Amino acid sequence: MGISEQPARLARKRRVRAGLVSGGAVVALVTMLAAWPGTAALANAAGTYVLKNAGSGQCLDAGASPSSGTQLRQQACADQAWVLTEVSGGFRITAGDLCVGVRDASTSAGKPIQLEACNGAGSQVWALTASGSNYRLVNANGGKCMNVKDNATTAGALVQTNSCDGAATKQWTLAPAGGGPTSTTTSTTTTTTTTTTSVPPADALYAAPTGRDAASGTLSDPTTLTSALTRVAAGGTIFLRGGTYSFSQTVTIPPTNNGTAGARKKLTAYQGEKPVLNFSAQAEDPANRGLAVNGSYWHVQGVIVERAGDNGIFVGGSNNIFERTITRFNRDTGLQLSRMLSSTPKEQWPANNLILGAESHDNADSDGEDADGFAAKLTSGPGNVFRYSVAHNNIDDGWDLYTKSDTGPIGAVTIEDSLAYENGTLSNGGQAGNGDRNGFKLGGEDIGVNHVIRRTIAFDNGKHGFTYNRNPGTMTVSNNLSIDNAERNFSFDAGSSVFRTNTSCRSGSGSNDKTVGNSDTSNQFWSGTNGSRCASYTGALGWSFASDGKLVVTLGGRPVAL
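The sequence shown begins at 1 in full-length UniProt numbering and counts up by one.
No lab work stands behind these hints: they were computed from the structure. All values reported here derive from a predicted model rather than from experimental measurement. Each hint should be verified, as a subset may be incorrect.
In silico DSSO-like links for lysine-lysine, alpha-carbon gap of 30 angstroms or less [to be verified]: (1) K404 - K346; (2) K404 - K514; (3) K266 - K346; (4) K111 - K52; (5) K52 - K266; (6) K149 - K111; (7) K52 - K149.
Modelling step: build the complete structure from the supplied sequences, incorporating the hints.
As structure tokens, this is what we get:
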């Protein structure tokens with residue numbers, strides 16, 4: 001499957017949650033995950049292409065004066081350029097500032113494929129499925145393929161949706177426009193950004209999967225990641241070239257390896273390439289983390305960490321930024337903030353870290369009860385913020401802010417402008433009976449912590465959308481949206497939390513919300529019927545990152561504004 005996901009649907013029947021696998025079956029489930037394909041060749045397909053139909057030899061064309069509503073057609077190839085940008089579920093295809101979509105966001109066969117204003121809808125997302133040396137372009141909204149009407153091979157024939165089969169007119173080849181290298185417009189898994197190709201710093205270090213420890217670390221003579229980490233100075237940058245870096249041991253940035261407030265150390269993907277740190281050689285064990293950032297004042301950007309024996313990215317340091325990271329298929333929480341050692345004093349617990357535009361999915365442990373998308377739990381300090389981030393299809397919770405009596409309260413966490421969906425069920429449909437399966441789990445063991453949760457969405461998670469989880473503190477819970485979670489959309493049985501302008505919606509029956517605390521009429525909680533705002537929150541769930549880095553969530557093709 002690579003790293004794309006089909007959009008969830010508000011109106012669809014809820015998947016059956018009874019008959020969950022348990023015991024040894026969970027081990028088998030995680031074993032299956034370990035063998036699940038990682039990034040396919042298409043992970044680096046973002047760029048500018050000519051799309052040639054395999055059946056006709058004609059190219060995808062928008063006519064001499066393309067505008068919104070123009071139906072696409074095939075014409076003789078004349079270097080027609082289409083820009084592919086990765087988003088959630090596949091690729092957005094654009095010409096100028098217009099997107100290729102299905103008219104009226106239809107899921108039916110025979111519907112025109114046209115240019116239209118970009119809105120982040122699933123009907124404007126296309127998955128590329130390999131078919132020999134060609135590709136099918138499959139619409140993420142309806143699952144239909146891009147096809148030439150009536151399988152015609154003549155110039156001028158219109159392009160429309162149709163069921164996917166082996167017809168050559170439903171297959172396309174991708175050739176770089178102009179015959180040269182593709183554009184540098186690219187992204188992380190669900191990011192739509194434009195990579196700046198400014199001249200890298202003269203003192204930058206370069207690492208590559210084929211690098212050597214003793215290499216100079218230049219672009220033409222790259223070193224290894226582990227060697228670069230020991231060489232980079234405060235304010236310096238390590239550029240990671242694309243490809244898979246295979247490790248059997250944790251890659252650690254120790255607490256003595258720090259930047260400064262004015263000169264962070266940077267570990268970043270090189271000009272939109274996709275470095276994947278793969279730890280599949282590790283056994284499942286709490287000691288077997290992937291990337292452990294115990295230093296402070298680091299900026300980690302555009303790095304994918306997968307298949308670690310425990311956390312994908314572990315954060316024990318403070319004042320770090322993790323931007324556009326992806327943590328997937330790890331055997332504990334994808335990205336977790338906790339103290340480095342059991343002896344670490346509370347004043348050194350990780351604090352003031354920013355997780356920005358990150359994605360964490362399909363993390364699963366053999367017990368089926370520990371692997372969350374993101375966690376700041378047990379022993380994390382104050383000031384940690386999650387912003388514009390997405391947790392989905394993890395075996396346990398999307399976010400976990402658990403506390404326990406042994407170590408006392410953690411620092412207050414802010415989660416804002418983020419999304420959790422379908423946690424408790426993996427992307428391949430696997431489930432485990434031990435997982436909590438909440439979107440946002442906000443506490444534990446009757447310890448009060450005053451977290452802030454705002455402008456955030458919980459969608460179709462396997463238990464509650466937002467749950468206090470025995471946190472009796474005064475949390476600020478405002479402008480959040482919770483839809484069709486298996487039990488309560490909002491579950492707050494105690495405490496003095498303040499609730500303002502929250503919305504709870506269901507497409508069918510479900511458990512009433514419970515919100516003990518300070519709540520006024522600005523909220524529309526579920527108590528058997530939907531409030532008026534729910535009429536705006538129906539349809540397929542889609543998401544992407546805008547050019548300014550903000551998370552854009554759509555329902556039925558309509559952007560959600562909270």
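Hints the structure fails to honour: 5
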